[in-house]
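Undergrad: If you want the building blocks of each chain, they are given just below.
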Amino acid sequence: MHDKHLMICGATGCLSSGSAKVQEALEEELAKRGLQDRFRLVMSGCPGFCEVGPILVVYPDEVFYCRLTPNDIPELIEKHLIGGEVVERLLYQGPDVEAPARFYQTIPFYQKQKLKVLHNSGIIDPESIDEYIMRGGYRAFSRALKLEPMEIIDEVKRSGLRGRGGAGFPTGLKWEFTFRAVGDKKYVVCNADEGDPGAFMDRSILEGDPHAVIEGMLIAARAVGSDEGYIYCRAEYPLAIKLLKKAIEQATEYGLVGENILGYGFNFKFTIKEGAGAFVCGEETALLASIEGKRGMPRPRPPFPANQGLWNKPTCINNVETFANIPLILREGGLEEYLDVGTGGSKGTKVFALAGKVRNTGLCEVPMGISMREIIFDIGGGIKDGREFKAVQVGGPSGGCIPTEQLDLPVDYDSLTQAGAIMGSGGLVVMDDRTCMVDLARYFLSFTQKESCGKCTPCREGTKRMLEILEGICEGRGEMEDLDRLHDLAVGIKDTALCGLGQTCPNPVLSTIRYFHKEYEEHINDKFCRAGVCKSLFEYYIDPEACDGCTRCARVCPVDAISGERNELHIIDSELCNRCGSCVERCTREAIKVIPVRKEAEVKS
Amino acid sequence: MSSESATGTVEQLPEVDLSGIEALLEPYVGEKGTVIPVLQSLQEHYGYLPRPALEYTARRIRVPLSRLFGVATFYAQFKMRPRGRNIIRVCKGTACHIQGSEKVGERVEEILGIKGGETTPDLRFTLEEVACIGACALAPVMTINDNPHGRLTPDRIKKILESYE
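Chains A and B, in that order, are what the protein sequence lines are.
The first sequence begins at 1 in this note's numbering and counts up one residue at a time.
The second sequence begins at 1 in this note's numbering and counts up one residue at a time.
What the hints contain is simulated information worked out from the structure, not anything from laboratory work.
Heads up, a few of these hints could be off.
Okay, derived cross-link-like pairs now, DSS-like style, lysine-lysine, Cα gap no bigger than 25 Å in a straight line [claimed, not checked]:
1. A:Lys269 with B:Lys32
2. B:Lys115 with A:Lys242
3. A:Lys79 with A:Lys32
4. B:Lys32 with A:Lys450
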């Protein structure tokens, strides 16, 4: 037996902030003191709060340490592990807590969350099937083995679960179609090709609780009558792939995968396919083409994959988070509990990846129906650096933005669609007054344009034309008629593109025009980008009142555009300035302002 | 590059050693849906997809070269040219974009004198763009050889690049 369990986050977010070095230091230090047998060190999945990584949670004391560095380790071992005293300075501290917070429940980031799908993430060792089973894992599957396929499907239908990958199609219905489809062979496919820039929920689920996804797939297989499954995962997620492989091995060892599973005469085997970097492969028919080893191009539907999917066989394809919901529904008494959370049309929880200009970035799971305001201000802790909230982009390149006026909108499939966004996969990117909405629309279009597979004309040509117009506006060549052209193109692409990528890619443009029309007008008529993003549409100017001549800006300028003596006013030469913004970052007095481009006469005066 | 196409305006690519390719392809022969995994292991072996290796592979797994080429050029992961010793990936995800990844990318381009997708002539660096590496909490981010560098500002770039030989 171990005295304590040390769960250190080994997911990508914390690894980027150096959790591997902290883990090494812990290992070394424990070994040096001969303590390695008393304390068990586990690289766990993601506890969600990436902002304060690397994170270490000590059990059973339930103490949450954050922002660790290798230098903190000796003190932590000495004081806490040996002395039994919590190291206060390493606890979570922030403007939203009065005293250092010791555990999840006392940290505001966690208080409004409802951890269902993520209930194991960060708590168990993702490489241990035993820990998953101890937390109730595979019970839903063993229950499902005793049920008739239609009974399983019925429970999923009654749960109201809708696809978590984007479109929100009822999962139970999809399963029923696959179940009723005629075929000698059926497949279950997990879409783990999370390509939406700014979203990392699926990765965290796979890295934190891989067995939940496997269990969900097994239940689906039992329901639709399939004996073979594929997990299509981005190659950019090497850790997720490694953990999935391990989980499948363990489940096979335990007789949960393979032939005659638990004596029920049910067979199932898994194959993992690594995606090769194409956003369009998140679209189901493109994904299936990619598994078949072809270019990942979508095809018209119908026929839907439920009838003709992988190698033309009936195929049930769902997203990672959708599968991870299944065990929650199918376990004994799970359905009633599941129905307690959420709204009429959207049941359960949704995992969001919270990023951008928000204080607490990370992963959060919230009940459907919670307001956007609660997510951003209570969980997210509001906007970074005390700046002003401007909008939040929901659903990535397929979604739209939600402005301040709409912050009280309940987060569910239908309200978001009405507001011009979509639930999408669950990326939430928060923007402040330094984000330019025209540039944002241009950014998303340049992304979808690059990722357009080129098969259908509306998407291939339409996105290109829209992008050209937006680039023109951002570079000061815009005219008001451009907005009508954008609108016509957008509607045309939405109506006629072949697949989800094309049909949804105009959304960011339409929603920014809808909510930030003024900003477009300012770009077009005044040739001014107030946010200081579109380089041809603003200048930097040092406010003589605010500048104290500290020389920081001049020293950091890469093109030597700033001149001035110490303790005297500094001046930016706009001709030389390349608008890199390094000086703005450096200035401690907010003396560097964004102003419209001046004519030569104005500069001289 | 095969001998006939190495003439004229086509740039000279390094010699390709085809020993070892047989062992690499062996597990895939006769299997279905193997084009992408095959290309992935070829790229792992060579660092990119050399034409002679593709030609050999096409014959060996009985898939037309045109189809291999079509698949290879469709996916961002596959590279048709040799890459540098250090692979820089500047994240172009949404979170990184609004936190200034463009300025970071521009500074890298300026310092190295190459554009995205290109390699420095001394093969020291290859600059790539990636849609999102999922480290949004540390935006803007770039990775060099999979080491993440987060919360970047343009003025930090030079020093970081200098630490890679």
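Undergrad: Evaluate each hint against the coordinates.
TA: Hints, verified against the model:
{"no.": "1", "hint": "A:Lys269 with B:Lys32", "verdict": "16 Å, holds"}
{"no.": "2", "hint": "B:Lys115 with A:Lys242", "verdict": "33 Å, violated"}
{"no.": "3", "hint": "A:Lys79 with A:Lys32", "verdict": "16 Å, holds"}
{"no.": "4", "hint": "B:Lys32 with A:Lys450", "verdict": "29 Å, violated"}
Figure legend: structure checked against the earlier numbered hints; hints not met, in rising order: 2, 4.
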